[in-house]
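In the order they appear, the protein sequences are chains A and B.
With UniProt numbering applied, the first sequence covers 1 to 93.
With UniProt numbering applied, the second sequence covers 1 to 234.
One or more of the hints may lead you astray.
[As the list claims (entries may be wrong)] Chain B stretches covered by chain A per the calculated footprint, using a threshold of three residues with CB under 8 Å from any CB of chain A:
(1) 20-34
(2) 45-55
[As the list claims (entries may be wrong)] The list that follows gives simulated cross-link-like pairs (lysine-lysine, DSSO-like), each with its CA atoms no further than 30 Å apart:
(3) K20/A with K8/A
(4) K44/A with K122/B
(5) K74/A with K20/A
(6) K18/B with K68/B
(7) K122/B with K20/A
(8) K39/A with K122/B
[What the hints assert, rightly or not] Chain B is faced by these chain A residues, among others (derived, beta-carbon under 10 Å):
(9) S5
(10) Q13
(11) T16
(12) I25
(13) T28
(14) Y35
(15) V57
(16) R58
(17) I62
(18) G64
(19) V79
Since the hints were derived computationally from the structure, they do not count as laboratory data.
Just so you know, even glycine gets a beta-carbon here, dropped at the ideal spot from N, CA and C.
Given next are the chains, with one letter for each unit.
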Amino acid sequence: MLFFSYFKDLVGQEVTVELKNDLAIRGTLHSVDQYLNIKLENTKVVDQDKYPHMLSVRNCFIRGSVVRYVQLPKDGVDVDLLHDAARREARGG
Amino acid sequence: MVAGLREFALRSGDGSGKPVLDESSGEELMHVQPSVAVALGNRPVEFPGTLYITSRKLIWLSDVDMAKGYAVDFLSISLHAVSRDPEAYSSPCIYTQIEVEEDEDDDDDSDTESTEVLDLSKIREMRLVPSDSTQLETMFDVFCECAELNPEPVDEEEEEESGHNWVFSADQMDVRGGADEDAEWQISQSPTSVIGHSNGDEGLAQPMLELQINDQRFEDAEEMVHESETKDHH
Chain A
1 MLFFSYFKDL VGQEVTVELK NDLAIRGTLH SVDQYLNIKL ENTKVVDQDK YPHMLSVRNC
61 FIRGSVVRYV QLPKDGVDVD LLHDAARREA RGG
Chain B
1 MVAGLREFAL RSGDGSGKPV LDESSGEELM HVQPSVAVAL GNRPVEFPGT LYITSRKLIW
61 LSDVDMAKGY AVDFLSISLH AVSRDPEAYS SPCIYTQIEV EEDEDDDDDS DTESTEVLDL
121 SKIREMRLVP SDSTQLETMF DVFCECAELN PEPVDEEEEE ESGHNWVFSA DQMDVRGGAD
181 EDAEWQISQS PTSVIGHSNG DEGLAQPMLE LQINDQRFED AEEMVHESET KDHH
């Protein structure tokens, strides 16, 4: 549940979600659930060449299983903290 | 379960026009939205029709052609959104992206133009345009609810098995067997201490009680006789 908790803390920040089909969408993180489904607000497609029809949608829901990356704001990550937390979680601690 | 968009025309015989659901697997009808047009890919919009949202899938059935209908499982819907930008599409609609099995030679969208033979399984985008655009937020919310009801299926076996043999760090010992080759390791000051902390996983909880040491100092005295002639035994 680590990343679920981590993303909950990022709600309200701007992120870019890159899907496995190469589409990248930037928006404000509205909410996330335990399956890491992501809801974004005020979304804009980053590279409009592949999906020109999807220029801007107000709210979008992205299925967790199709996400490849979630690009975070630079100061949105304490890498060491995340590293330690991930190790603890993997050990079941 | 079928991936992607497909034809669907199974209507119940009671004259209501409602689609037949798979009740045995617990599929329920969550929402019905009448007067909805559907646009597949780049194709022109098809109307009139009714959208049925079930706990497993989306079904659009034509109101005039009883043999025409489409369905897509929520498992295949990568994303959905409320689209109100007139530059993106002429009418406010729910935009959905459908996960399609990628084919190497399948880069252009020519298959989705108005051709005689339409391969539904290659459709990557679908728009649902309600005549009443005030319904968009409700539809979006129901889509979200249903998507949440359909997480990736977890392999039962995989979930129960806890001995994944994950390695967390370079200094993790292999605590099971095979002590001979590893005998050089300095394992710990206290030979009966338990290495690591686990939450009950049998494999990891096995304590290192037996110290395997292959140190010259512990060799039998007889073998050292030729060296220790001039030394005291310790």
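Quick rundown of the hints versus the structure:
Taking a C-beta to C-beta cut-off of 8 Å, the region 20-34 of chain B contributes 0 residues in contact with chain A, too few for the three needed, and the coverage statement is violated. Using a Cβ-Cβ cut-off of 8 Å, 0 residues of the region 45-55 of chain B lie near chain A, which falls short of the minimum of three, so the contact claim is violated. Restraint check: the Cα-Cα separation between K20/A and K8/A comes to about 22 Å, which is no more than 30 Å; the hinted pair holds. Taken as a hint, the K44/A and K122/B pair is honoured in the structure, with Cα atoms around 25 Å apart against an allowance of 30 Å.
For the hint linking K74/A to K20/A, the alpha-carbon distance of about 22 Å falls within 30 Å, and the restraint holds. Taken as a hint, the K18/B and K68/B pair is honoured in the structure, with Cα atoms around 13 Å apart against an allowance of 30 Å. A hinted pair counts as satisfied when its Cα atoms are at most 30 Å apart, and K122/B with K20/A qualifies at roughly 17 Å. A distance of roughly 26 Å separates the Cα atoms of K39/A and K122/B; the hinted pair therefore holds under the 30 Å criterion.
Nearest Cβ of chain B to the Cβ of S5/A: about 18 Å, over the 10 Å cut. The hint is violated. About 19 Å separates the beta-carbon of Q13/A from the nearest beta-carbon of chain B, more than 10 Å, and the hint is not met. Proximity of T16/A to chain B is violated relative to the hint, the smallest CB-CB distance being about 14 Å (cut-off 10 Å). Against a cut-off of 10 Å between C-beta atoms, the interface hint on I25/A holds, since the closest Cβ of chain B lies about 8 Å away.
Because the beta carbon of T28/A sits about 14 Å from the nearest beta carbon in chain B, more than 10 Å, this interface hint is broken. Below 10 Å, beta-carbon pairs count as interface contacts, and Y35/A has one with chain B at about 4 Å; its hint therefore holds. A least Cβ separation of about 4 Å between V57/A and chain B falls short of the 10 Å threshold, and the interface hint therefore holds. A hinted interface residue such as R58/A counts as satisfied when its beta carbon comes closer than 10 Å to some beta carbon of chain B; here the least separation is about 6 Å, so the hint holds.
The restraint placing I62/A at the interface with chain B holds, with a minimum CB-CB distance near 5 Å, inside the 10 Å limit. Because the beta carbon of G64/A sits about 7 Å from the nearest beta carbon in chain B, less than 10 Å, this interface hint is met. For V79/A, the suggested interface contact is broken, since its CB lies about 17 Å from the closest CB of chain B, more than 10 Å.
Violation of the numbered hints given earlier is confined to hints 1, 2, 9, 10, 11, 13, 19; the remaining hints are satisfied by the structure.
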